[in-house]
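Protein chains in written order, with the working numbering: chain A, 15 to 385; chain B, 8 to 343; chain C, 1310 to 1636; chain D, 6 to 91.
These are calculated hints, taken from the structure and not from any lab test. Quick reminder that beta carbons are idealized off the backbone N, C-alpha and C, glycines included. Warning: the hint list may mix true and false statements.
Just some of the chain D residues that point at chain A, by a computed CB distance under 8 angstroms [as the list claims (entries may be wrong)]:
(1) M6
(2) L11
(3) D44
(4) H56
(5) L59
(6) E62
(7) L85
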Amino acid sequence: MPEFRMPSLGADMEAGILVEWLKKPGERVSRGDVIAVVETQKGAIEIEVFQPGTIERQMVQPGQKVAVGAPMALIRGEGEAAGAAPAPAAPAAPIPAPPAALGPAAGRVSPAARRRATELGLDLAGLLGSGPGGAVGLADVEAAAARRTQPAAAMREVIGAAMARSKREIPHYYLGHTVDLEPALLWLEAENLKRPVAERMLYGVLLLKAVALALHEYPEFNGVWSGGRFQPSEQINPGVAVSLRQGGLIAPSINGADRLTLPQLMAALRDLVRRARVGGLRSSELSDSTITVTSLGEQGSESVYPVIYPPQVAIVGFGAVATRPWVVDGAIAPRRVIVSSLAADHRVSDGHRGARFLAAITARLREPDRL
Amino acid sequence: MAPGGKTHLDRGHLLFLLKEMLRIRRFEERCAELYSAGKIRGFLHLYIGEEANAVGVMQAIGVDDAVVSTYREHGHALARGIAARALMAEMYGKVEGVSRGRGGSMHVFDAGARFYGGNAIVGGGLPLAVGLALADRMRGLARVTVCIFGEGAAAEGAFHESLNLAALWKLPVLFVCENNRYAMGTAIEREQSQIDLVRHAESYGIKSEAVDGMDVVAVEVAARRATAAVRDAGAPYFLENRTYRFRAHSMYDPELYRSKAEVEEWKQRDPISKLDAWLRDAGFLHPDDLRRIEDEIAAEIDDAAAFAEAGRWEPVEDLARDVVAPPPAPRRDAAA
Amino acid sequence: MSATSYREAVRAALRDALARDPRVFLMGEDVGRYGGSYACSKGLLDEFGPERIRDTPLSEAGFVGAGIGAALGGMRPIVEIMTVNFSLLALDQIVNNAATIRHMSGGQFNIPLVIRMATGAGRQLAAQHSHSFEGWYAHVPGIRVVAPATLDDARGMLWTAIEDPNPVVIFEHATLYNLEGDLPEGAGAVDIDRARVRRAGRDVSLIAYGGSLHKAMTAADRLSAEGVEAEVIDLRSLRPIDDATIMASVRKTHRAVVVDEGWRTGSLAAEVSARITEQAFYDLDAPVARVCTEEVPIPYPKHLEDAALPQPEKIVTSTKALMGSHA
Amino acid sequence: MTDEELRKAVLTALASVAPELDEAALAPGKSFRDQLDIDSMDFLNYVIALHEALRIEIPEADQRHLTTINDAVAYLRRRLSQPTGS
């Protein structure tokens, strides 16, 4: 009988703490159903099941810390007989011990930490310990409390770990390209005039769509480095770097962005940004990205030199829209331009292909009505 | 009667000695009864048979002198003048006891009587006596410290250390070894290579003599001689009082270590019977006198028992009282 | 201020006490002609004479008991036992007499006696001359036990102890006699009740006394270099133990390492640790750690003796283990 | 609607994108885009929130009138006093 296992929700995730089950034993689940909520360093994340069937038995209880890959539930497939699992006494079976890999101190909390958590009304279940032997200590509680009001602290650790790994392992190369955005912006302004306020679009959507479409021609930038080799992705799932109000950033993906219309993409982006900022992202949205798009133009930076988010192999950046003298049809004219940039993994591609990929994005932006 | 000096064997004094010994005997007999009734608990070491020693020795010292005794000290305390009431209340463990009930039978202390225990570690009192005498010497006080212990103590290191110190420093200590022949259940022949204990003391250069501890007059005479010598020479003196206890080491023991015949033989030398007979023979004691003495003693002991019975128990809240004395005055803080 | 040593501070305290109170006298083995086994009383015989600087035979039970008797008799004796190792021969007098007489006499008699003794290991004196039995004495109600670890305390604790109506046992760690430093000209009596914060810190409380204090201070310096700020508490008084100072520190740092030259089992460190768990459990962020002497009679070779005793490195290691991933 | 009610509406719309907003610390005459680190997505959501709360259409060209509390109150007062264009 297939097991539902703790998914890996990020390259640096080792374990998660089950917050709650959203499906009960006996309930039918379809592929993509949210089955549980798991607390990670990034926050509470809904995790999906990819195995259609009926939940036969839950193997971990809320509050328990579960290592990535450890079984969490048994799911009886279609047509599979109930009770096929070799566990007739399952309901009476004791709660399985946490995986040994978590060490003897897993679940231990110092007295001071326990008291402080009570004072702060903090749930200890979600905490990872940094005290002696991995016990949860006062500092862990204080940090968690600070994260609650300022999630940046934990996220900073996660970002730091991922970026350090990226810089350590991925041989980056960088390219930049200035794009005449005037046609696209004019088209967008005209379009927005026709649209009620709730349906207006931001130019970022055009950029995102242009990247997604360009990837059709340059698949070596869309996929993940895994098992010592590049694994291209059929789906085009650009992750969108969203800065969080309290600091930090998260890059949830918009799956199949190349197949969405601009209004659909805008709606998806709005929804994603909102959920990223209030919490409530789905696990697949954090782990499915095949490339990342980042834009720092709002802050006025002209160009971005981004760092690839492993295990992806490329990231496209956009700077600020700036009005510059530009030669149009042999004459100098003021035009709104934007600098696009690419950081890509040299193990997978070369600058030559990278430059052509950027040029393809530029070409798409010249014809906004075809986006 | 004045301390030290000669013994005046007039009728009044002899009747007094008799009465003192009888007081101790009757007091302890009552103690045994009260112990059996559960009123007195803990260890109770009776002095019955040895009364001549306490009574005789106490005649030789004055109120300024000090007494350091052992856990078999009821006789010493009574003969020293500690009230039967306060002593009995101590046996009961009542607040009115001479040691506020904190000591019980084995730990009678009385500042007014300069009575320094009631020391229940065999040999433990000897160094204290040396120190008390040292203090007197350093303070220029012409006082004697009487240190009473049993022959069992003579096997302890503290005995030898103390005799050596007292002799070395010429301290005014009268060591009185009440040799009742048994260190608990071990006969002196089985625990001493030299059973003539006087010779131990003499080896330290201490003037020493043995005396019949079953004869109150002999003890008094010897004790007066000894204290006079201590005062004159400013040096210790050692008396070995050869005596016998008629009862068990503590309240009850099977007495496997000695024969009934031996006990009976010693009882023939009961110091009270002996003095009683002598006084009758001499025409000093009329049967009415003895009845009157017994009546007075019985009344005193009844009164003591009633007093103890009516006494108060220390409130448990005062448990930690008198563990340490409060410091004298606020101290300067080192950090200041 | 003037430069002096721990030994000289002890001597100054003795001289001061002898000069101030005619009831005070010093008694012990080789305190007079020899000048004291650790030379603390050197010169005092000439100054105060043989009555008040009194050499004794090797009779620990005898002269300690005599000290108790003299205290009962109105004097203020200072009894020097050469070392804690020999104090075992006087243990009966200290425990059964000095500690009990006030209580079992119903408060009638005080024993204003001071007993001084050298303690501790660290000088390759092997198993019979390297004991640390401070904890044994601190176990006993009815006596006070102090451990001067600094020049100030060596100078100032004695007079306060003499004024105290109770028996006070002063432990002088033998490795401290050569400790040098400055002492204010007017240095005098100090309290013998309270612990003292010798170094302030926020991350962990190192609780030590006597000779171990200096090891704890060294460890604190090393920890500081690694970013861990240790607070060092000098217990000073081993009975009574100043709970308030200890708990205030632990409530601040949330971690404690107790350093004690006694053996771990049944040690004074065990007592301090137990008090912390009794009184500050909910403030603890890590288990209380102890750095004690290994459970072995102290061996003669230096490397083995060093290995047996608490050392700054061991204190550092134990402390870092408590810090988890914060150190 | 009174100016105070309008001000409340603006702040409520703003709080929907910047929940940590501290009214006291906000300068009413200065652009809150910088003060609150509002990006274009936030701003769009803020405008949509105003639109939904007050049921008025806000042309894109008018969005520049909504970047300070004072401007926004003035703009909305104007807009609400006109007959709606829709």
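Checked hints:
1. M6: violated (19 angstroms)
2. L11: Status violated, d = 18 angstroms.
3. D44: Hint holds; D/D44 Cβ to chain A Cβ min 5 angstroms, cut 8 angstroms.
4. H56: With a minimum Cβ separation of about 5 angstroms from chain A (threshold 8 angstroms), the hint on D/H56 holds.
5. L59: violated (11 angstroms)
6. E62: Cβ of D/E62 sits 7 angstroms from chain A, so the hint holds.
7. L85: Interface hint status for D/L85: violated (16 angstroms vs cutoff 8 angstroms).
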